[in-house]
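A.B. asks: Taking the hints into account, I'd like the entire structure generated from these sequences.
Number of protein chains: 2
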Amino acid sequence: MQQSIIATVDIVLLTLQQQRLSVTLIKRDNPPFQTMAALPGGYIHAQEDNNCLDAALRILSTKTGIVPPYLEQLQTFAGIARDPRGWSMSVVYFALVASEVITAAQHDGLVVCAVDDLWHLPFDHNDIIAAAVARIRNKSYYSSLPCYLAGPMFTLPGLQKIYEACLGESLNKVSFRRKMDELNVLEPVSGQTEAHGAHRPAQLYRLKAQFKNQLQLLSRGL
Amino acid sequence: MQQSIIATVDIVLLTLQQQRLSVTLIKRDNPPFQTMAALPGGYIHAQEDNNCLDAALRILSTKTGIVPPYLEQLQTFAGIARDPRGWSMSVVYFALVASEVITAAQHDGLVVCAVDDLWHLPFDHNDIIAAAVARIRNKSYYSSLPCYLAGPMFTLPGLQKIYEACLGESLNKVSFRRKMDELNVLEPVSGQTEAHGAHRPAQLYRLKAQFKNQLQLLSRGL
Numbered sequence: 001m002q003q004s005i006i007a008t009v010d011i012v013l014l015t016l017q018q019q020r021l022s023v024t025l026i027k028r029d030n031p032p033f034q035t036m037a038a039l040p041g042g043y044i045h046a047q048e049d050n051n052c053l054d055a056a057l058r059i060l061s062t063k064t065g066i067v068p069p070y071l072e073q074l075q076t077f078a079g080i081a082r083d084p085r086g087w088s089m090s091v092v093y094f095a096l097v098a099s100e101v102i103t104a105a106q107h108d109g110l111v112v113c114a115v116d117d118l119w120h121l122p123f124d125h126n127d128i129i130a131a132a133v134a135r136i137r138n139k140s141y142y143s144s145l146p147c148y149l150a151g152p153m154f155t156l157p158g159l160q161k162i163y164e165a166c167l168g169e170s171l172n173k174v175s176f177r178r179k180m181d182e183l184n185v186l187e188p189v190s191g192q193t194e195a196h197g198a199h200r201p202a203q204l205y206r207l208k209a210q211f212k213n214q215l216q217l218l219s220r221g222l
Numbered sequence: 001m002q003q004s005i006i007a008t009v010d011i012v013l014l015t016l017q018q019q020r021l022s023v024t025l026i027k028r029d030n031p032p033f034q035t036m037a038a039l040p041g042g043y044i045h046a047q048e049d050n051n052c053l054d055a056a057l058r059i060l061s062t063k064t065g066i067v068p069p070y071l072e073q074l075q076t077f078a079g080i081a082r083d084p085r086g087w088s089m090s091v092v093y094f095a096l097v098a099s100e101v102i103t104a105a106q107h108d109g110l111v112v113c114a115v116d117d118l119w120h121l122p123f124d125h126n127d128i129i130a131a132a133v134a135r136i137r138n139k140s141y142y143s144s145l146p147c148y149l150a151g152p153m154f155t156l157p158g159l160q161k162i163y164e165a166c167l168g169e170s171l172n173k174v175s176f177r178r179k180m181d182e183l184n185v186l187e188p189v190s191g192q193t194e195a196h197g198a199h200r201p202a203q204l205y206r207l208k209a210q211f212k213n214q215l216q217l218l219s220r221g222l
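Here the protein sequences line up with chains A and B, keeping their order.
The first sequence begins at 1 in the UniProt record's numbering and counts up one residue at a time.
The second sequence begins at 1 in the UniProt record's numbering and counts up one residue at a time.
Just so you know, the hints here were simulated from the structure itself, not pulled from any lab data.
This structure is a prediction, so every number in the text was calculated from the model and none was measured.
Only true hints are included.
Quick list of the computed label-pair ranges, beta carbon to beta carbon:
1. B/THR62 - A/PRO32: 27 to 35 Å
2. A/GLN47 - B/ARG177: 52 to 60 Å
3. B/GLN214 - A/ALA195: 48 to 56 Å
4. A/GLN47 - B/ASP117: 36 to 44 Å
5. A/GLU182 - B/ASP117: 31 to 39 Å
6. A/ALA104 - B/HIS120: 41 to 49 Å
7. A/ASN172 - B/ARG177: 24 to 32 Å
8. B/LEU118 - A/ASN172: 42 to 50 Å
9. B/HIS120 - A/PRO69: 31 to 39 Å
10. A/LEU171 - B/ALA202: 36 to 44 Å
11. B/THR62 - A/GLN47: 28 to 36 Å
12. B/HIS107 - A/GLN106: 52 to 60 Å
Here a beta-carbon is modelled for each residue, glycine too, at the ideal position from N, C-alpha and C.
C.D. replies: If you want it as structure tokens, here you go:
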């Protein structure tokens with residue numbers, strides 16, 4: 001016979017704030033750690049959720065009002081030591097959204113904080129965020145993942161800055177553009193440019209419709 | 001209040017058999033799917049296992065007698081549809097061992113089958129194995145992971161064949177050796193060579209002690 005195990009889902013919802021990779025925290029309504037900021041999360045509802053992804057989308061929507069375009073399972077954090085209530089397992093998902101999406105959600109109690117400036121968070125949430133950042137950093141080398149951090153329209157120099165914020169390093173402009181061509185997820189928005197001081201206005205791009213909810217991978221990295 | 005959720009761990013234990021990536025199945029002792037071959041797995045014991053990795057090692061040791069050098073969390077498979085007993089979550093780990101390790105375990109009811117030749121397995125075990133193979137294939141491009149499939153001593157041509165079996169493609173000998181140098185996980189075994197017909201005997205290598213339980217990654221892939 002199985003002892004009772006707490007089954008939860010937590011979501012690492014990342015965005016860019018002042019060009020820095022940042023995580024969305026929410027004030028906890030209930031004990032333990034009531035009123036402290038932590039990752040949005042909650043119990044799996046076996047009678048309501050068909051699977052963990054369902055649970056993640058339900059919890060994120062209820063607690064933050066946000067429906068991300070792309071949600072990926074990160075890892076399961078589990079054990080006796082991570083939750084004062086008992087043996088718990090949390091299936092963790094991560095999502096990336098443009099900062100406007102979080103602003104527009106207008107939910108009370110949302111806090112966006114740069115991942116490099118975090119204080120000590122409840123449970124093992126610091127470890128969870130570190131694992132999510134490592135995954136994103138790695139995956140940014142060979143996928144369209146950082147594009148989800150951009151708004152609906154962006155310039156190529158703007159997108160390069162987003163990739164650089166994810167990777168934590170500078171990229172060569174020529175090879176970045178070659179890789180974006182190879183990914184083949186972007187299309188120019190006809191007649192839309194962005195003025196940049198004395199420079200020639202930059203063409204605006206957007207994600208092609210079929211890649212708004214689907215990641216594209218490179219066979220070789222950036 | 002939370003409804004009851006079944007919390008289990010399953011292990012995808014992979015090896016090479018006739019140069020083909022193969023998975024270890026075990027005859028199930030209990031319902032559901034009693035007597036059918038499936039992945040080794042079992043309930044998490046909250047009073048015994050400190051975390052999921054503990055549970056995976058306990059289950060693998062009890063059911064197969066095998067203690068793998070390296071065990072990595074793959075993904076959690078969960079939901080209402082995958083287990084006839086109810087809403088279940090399985091935290092899945094994968095491990096790679098040399099085929100001699102499975103032979104030496106001498107446990108009854110172990111079946112080793114090429115991953116490309118599998119029949120329909122219980123639960124979502126076919127999906128789980130497919131996900132493990134995809135992870136291994138991807139990770140073999142940039143890590144020492146396939147080395148765990150080799151025995152205690154191996155030649156470089158032998159190790160290249162192992163990498164090729166994981167990747168499902170042929171590799172260039174010169175670039176393979178350069179990447180192995182870069183990984184820097186191997187050492188020649190002094191005075192040990194393997195005869196190959198009319199060819200010059202090949203030097204035997206082994207994993208350096210510090211990499212027997214620890215994966216090494218390349219910054220750029222094979």
